Structures are given as structure tokens and as C-alpha cells.
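A.B. asks: Here is what each chain is made of, one letter per residue.
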Amino acid sequence: MEENGEAVNAQWTIKEGDHVVLKREDVFKAVQVQKKRKIIFEKQWFFLDNAIGELYGTNFEVASGGTLQPRKVKHEENPQETKEAGMDNRNIVDDGRSQKLTRDDIETLKEQGLKGKEIVQQLIENSTTFRDKTEFAQEKYIKKKKKKYESDITVLKPSTRILALMYHGREPGKICHLRYDTLAQMLTLGNIHAGSKVIVFDTCAGLVLGAVMERMGGYGSVIQMYPGGGPVRAATDSFGFPAHFYQTLHEFPLAKVNALLAGALSLESEEKSGLEDSSTGARELPQKTVSEAVEREAEHSSPDVEAIVVTSEGPEDKSKAERENQRELRVQEKKIKLEEKRKRLLAAASLLEGRNADGLIIASRFHPCPVVLSLLKFVAPSRPFVIYCQYKEPLIECYTKLREQGGAISLRLSETWLRHYQILPNRTHPKLLMSGGGGYLLSGTTVVMDTAKSLGPQRVEEPAPKRQKLEEANV
Amino acid sequence: MSFVEYGDVIQEGDTAIVFLGHDSMFPVKVQRGGQTQTRYGALRHSADLIGKHYGSKVTCSKGGWVYVLHPTPELWTLNLPHRTQILYATDIATITMMLELKPGSVVCESGTGSGSLSHAILRTIAPTGHLYTVEFHQQRAEKAMEEFREHKVGHLVTVLNQDVCREGFGVTGVADAVFLDIPSPWEAIGHAKAAIKKQGGRVCSFSPCIEQVQRTCQALAEHGFGEVSTLEVLLRLYDVRSVTLPLPDFGDEAGGPGGGAPSAQNATMTCKTAVAPKEMAGHTGYLTFATKSLV
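As you go down the protein sequences, you meet chains A and B in turn. Counting along the first sequence from 1, when you hit position 356 you're at 356 in the UniProt record's numbering, and nothing is skipped either side. Counting along the second sequence from 1, when you hit position 167 you're at 167 in the UniProt record's numbering, and nothing is skipped either side.
This is chain A alone, in the form it adopts within the complex:
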């Protein structure tokens, strides 16, 4: 914990290439800081150049030309000085004529370079009904107009909280509608912590994977199981983890799980299939993901491959010999990448082979049943596992199968209910809108499989299915 002042500041300063999250009111957007790159956020465009060198958490105002101006002190003074207010809304008529400024007038004000706050003040002055509104209604009016015309943007360091809120708010479909509090439950119920070995399978753009990696802090290992051509890590990359975190991250294709379980995962065949993959080119999309994934891996793990990439991208000479050279380089490069990929597959396989993982986290669009039943075999006894599904029924099936099969106890099917509140003096109540559902979780703990498969003289853990009495139904 002994850091010098400079190191602390470096960690808190926005740098070029950083993954950051932009925030305005309750809206977030994850971007990478790049110079001269136009960002469009909440119908505004701007450049992040001026954010570089400022501290995380700084508030910016978008000035003309899309430049950001850091706003050092956030002053929240009320624009209107007159504290005149109505008693109730008996004199307010909704005829659409209370605002004297037209849209064009407002546009003109904007063009004149008026700031958001000044526009809001103009709107108040030109509203015939503002003074008749109650104090509360005035506050609400100002808040609404501020939201529309003021252009404060905060640059934040990404975190699970922020990214989970962002994805849930903007693109819930991409994360299987996993609500942030449900993700929070998964991390806790899964006992995710530094130094453990965790298997993650998510089709939530890698959000769950990122959340797990954040909780592990670069200690231990994570094995990402993936369907199809390559692992998806769009959300994971948005966390902006330091490079060494990626050294603890491994990936293993679901398509090779059966082979691994059967002890038949052969390396030679892998090499061949890898070559086939790149030569046939029949399945274009997955292939692209593979190459992308490989590239990313190369970036993270092998500096010499990167060096070769750089040389191959050098200024192109049109001479034939040069082109021949290039081709050779490319072949060489491909070979290295394949070799790299094979090594990574081996590393992941050897991690799984011990069948001693410390946890299993699943959040996918696939039916969870076969996934759990296969992947649970890689988990050590007395370790937690958590399965997320957007729907309840597949988890009921999982529950039943796991009961039949044994090897898991404390099975719990659950859901969390989340409600936000408005807290204001004398006006406290639940928010008018709440999320209807955040998905379902099945969690449990692994135990040593009963080889004899005798249920023992004692209780069967589940109470015998209670038959609803026919009489009951007839009442």
C-alpha cells in the first residue's frame, strides 16, 4: 500500500488509450480515449483530447467545436432568485402556450453561444406559468430543462457497477437481461475472490467474465468457456484491465469439452483442425472471430509476435521479391499464431484437467442443463457454483437433474427484487418505475460424488413431491 504520490496520481489520471466510461445523469457510455476521435453521446458530439491528463471523476462541459472544458467546482446554485411559488396547480392550464420562446428562439440562443444554464434561465423567465407552479413543481421543471440543455459529462474509471448498470440500461439484450443486482448475487454466491481458479461461461458480451476478473484482481486463474469460433470479450475489454490480468485469463472451446472429459483431447488433431479452419474459410464469421481472438491473445501474451506484425505492416515495396517476402512472413506469422493458440489451449486444458476448479459461473443464452452437467465435472468438491438464466423453467430442470445425479447440495433457485426510492423531505416514496425481473439464479455447493449411489438410510434431501390434495383443488 505504499505508493508515492506520483504513482497514485498516475493511476487516477486519464491517459490516451484508457478505457473510460462517460456519464451524463444516469446514462453511461464506454469508450476508449483516443485523440481526435469524435464521440457521439446523448445527441452531442465532442472530442476527448482535453480529458487526457485530467483526473478520473472530472466534470466536463462541452464547449463549441466539441472541446471539453474541465469544470473544477460543481456549483449547484439555483438559477432563479425569486422564491415566488404557487400553492397548488388549480391555475395551471395545459394549453401549450405557457412558454413564450419557440424552438427557433432556443436554437438562436444556442447559436449565440449561450451556456446550458443560461438557456434554462431564459426558459424560466419566458414561462408564464413558472411563478404559479408549486415549489416542488418548479424544482422538477428546472431539473427537466437542465437535463435537456446542460451538457455536463463526467469521465469515470470503469467498474463492474458502472458497466453492469450501463449494459442493463442500454443493451440488456446483449447481456441476456442480466440485471446488475443479479450479477452482484452471482459474484457473492460464487465466492469469487483473489487466488482461486474459476470457470466462467457467459454469453453476456464478457460482462460476467470481466466482473469475475475484477473480483480476482489478477490473482489466480479464470478459464473462459466459449461456444463457436472464439471467445467474446467486448465488455471485458471495456473494464480496461492492466495487461497482467490477461495472463491469468484462459479460454477453452465448449466443442472440446467432451474430448477433454474423455481424456481424448489430442494436440496433433488440434493443429490440423486449426489449419483447416484457416484454409477452408467456409464459415466466415466464426473464422473472423478466431483470428481476432488470436490477434488479441498475441497482443497480450507474446511480444515477439507483435513485433512481427509491426514489421509486416511496414511501408509496402511493390517489388516481387519483397511481396514474396511479405507472404512468407505472413505464413510464418500465421504459424506462430497457431502455435500460440495451441499452447493456450493446452494451458487451459491442463487447468481444467485437474478437475479442481474453485467455482463455476454460468450466464448464457444456451439451455443451462447440459452446460452445468458437463462443466460441474471440472469443479472440486465443496465449491460454490451459480447459474444464471433469464427464464425460470430451464433452471427448474437443472435443479431436478442435479438432484437426481447427486454431487451438489444446498441447491437454491432464487430471484432478486429491486426497488429504488425517491428520498426527499416529505416526499419520500418508491420510484414510479421498477424493473419487472432481473433473471433467475440456481446456486449450490459441490460435494464428493457418491460412487455407491446409495441414497443412504437417511433422508432424501428434497421433501417428497407434495401432491396437492384433490380435495384442496376442489374447494
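Everything labelled a hint here was simulated from the structure, so no lab data went into it. Check before you lean on any hint, since a few could be wrong.
Said to hold, decoys possible - Straight-line alpha carbon distances no greater than 30 angstroms define the calculated DSS-like cross-link-like pairs of lysine-lysine that follow:
#1 K147(A) with K36(A)
#2 K198(B) with K117(A)
#3 K377(A) with K52(B)
These numbers come from a predicted model, not from an experiment.
Chain B: place on chain A using the hints.
C.D. replies: Leaving out everything else, chain B in the frame of chain A:
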């Protein structure tokens, strides 16, 4: 074994969880020569526990068996000796994520209470973080420290026996997050602010009553905290079971009573379903989160 590191084999000095089935379990401090009575008979620590793998089935003296589990903060929460009201996993999970805790985080907490949340915080911030936990009740503070040592997380925590509202957390400008679970959190907001790093941090207050929340929110606003948000999170547990429903008899086309076949008269249909419990925890407390932004 430790609460921040998994072990495979039960060793002397471990705190193991004996699982009897159906949410019935208790913690055991494993001691050579020790013995623990269960409803299935005695468990002899030397013969039945030490050297066995966590998660294995152990037969007790009366022939019944139990599972012995590796402790986790969540199992501890369900088994710890209550000295106060405690926080449960649902709230703990939300607090941990919304406070953005991770390895290396420095956290201030008050009160320590029975240490349910403390164990979960320690698990998350290990191996490089630190927890400063303040408890005004002397015995509770001492007992908590004893447990932390026993669970091999003592090096990650400082327990202070003082009143947080009057004396604060004993540290300034170091915390990434502050958690308050005290009767009058609004009196400690100033101390929370002082404890947080100058680059900013998160704060959370847990209060069962809305009046407490109102005063806390007011104090947060007065101290310049932003992003103030109050929420409530509840766990809905489902019971998976098969239900069998009778099918009604619509009679035959001639208007006779039920097609004659005996099967039609007591036809039923069975399905698997998830039933919500008759009663559930309807309220634990309101969680108020806020951000201390950059000064």
C-alpha cells in the same frame, strides 16, 4: 483453510461447516482429539475430519452421515453466532458491488456487529486491501477480532473499539469505500467523508427505517456527496416441486357422467414448478449509496 484461500483437506484449527441436510448446518472448530455431537451421532475430529477432503461425506457414530464443507463468508453468515442483527448475502452482494470492492480496496465499516459483512468484505479485498472496522461495544469488538484471527484474515483487518459518530474511523484519506450500519448514520457522514481518499470513493448506509434514510440523504447532500441513490433488494427463494392437478370431467357427448372409463374420472396432470414460499423476508433495510467525487 482460510476465509480468503481455499484448501482441499481439513486440517487442525480449521473452521469447517458440518452440513446435515436441508439448510441445517453448524460450524466446527477442528481440534485434534475433539468431538462434536450431531443428531446422527458423534463426529470424532481426528478420525472423521482431519485429513479428509472438504466436501466429503462423513459417517457419524450412529451411522448417519453429514457433509463437511469448506467455510465461505456466505456459509459463515448462515452459521455465525449472532451478537447483533446481521446482514445476509443478498444485501451483502449488493453492497459489495455497489461499493466497487475488489482486491486491494481499503474499506471502513461501522459497526462490526457479528462480523457477517466484515468477512465478506475481507474475502473480496484480500490479499492487498485492508478493512478498518469500528465497533463501540467492547466485547463485540474483541470477539470479532478473535474470529478474524481464527479465520486467518486477522492481517487484513483493524478493529477499533470506539464510537464512530464521535471519533470516526481512526484513519483519514485512505478509504475507497465506507459502510455504515449504525442507528444514526447521519452523524457519521462527516467522518465517512474524511476517511475517503481525496480522489473520491463510495459510501453506503444501511438503515431499516425510512426516517433514518431521509436524515442520512440530507447529510450526504450537505457534505457534497453525489449520485445519492436509495434502494431495497429482496431475495425471492423458490421451492422446486412437482404438483399434480386433477383434470375435470366434462362428461360424454350424450350427457352421461364421464365417459365411463375410470381413468377419466380421476385423471390428473403432473408438472414441475417453482413455488414462492408462503412467507418471505419483506424488508431488511434500505441501502443508500453515494459517491464522494473529486475535490
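A.B. asks: Please go over all the hints and tell whether each is borne out by the structure.
C.D. replies: Evaluated hints:
For the proposed pair K147(A) and K36(A), the alpha carbon gap of about 27 angstroms is at most 30 angstroms, so the pair holds. Under the criterion of a C-alpha separation no larger than 30 angstroms, the hint pairing K198(B) with K117(A) is consistent with the structure, at around 28 angstroms. Distance restraint check for K377(A) and K52(B): the Cα-Cα separation of roughly 20 angstroms lies within the 30 angstroms cut-off, and the hinted pair is therefore satisfied.
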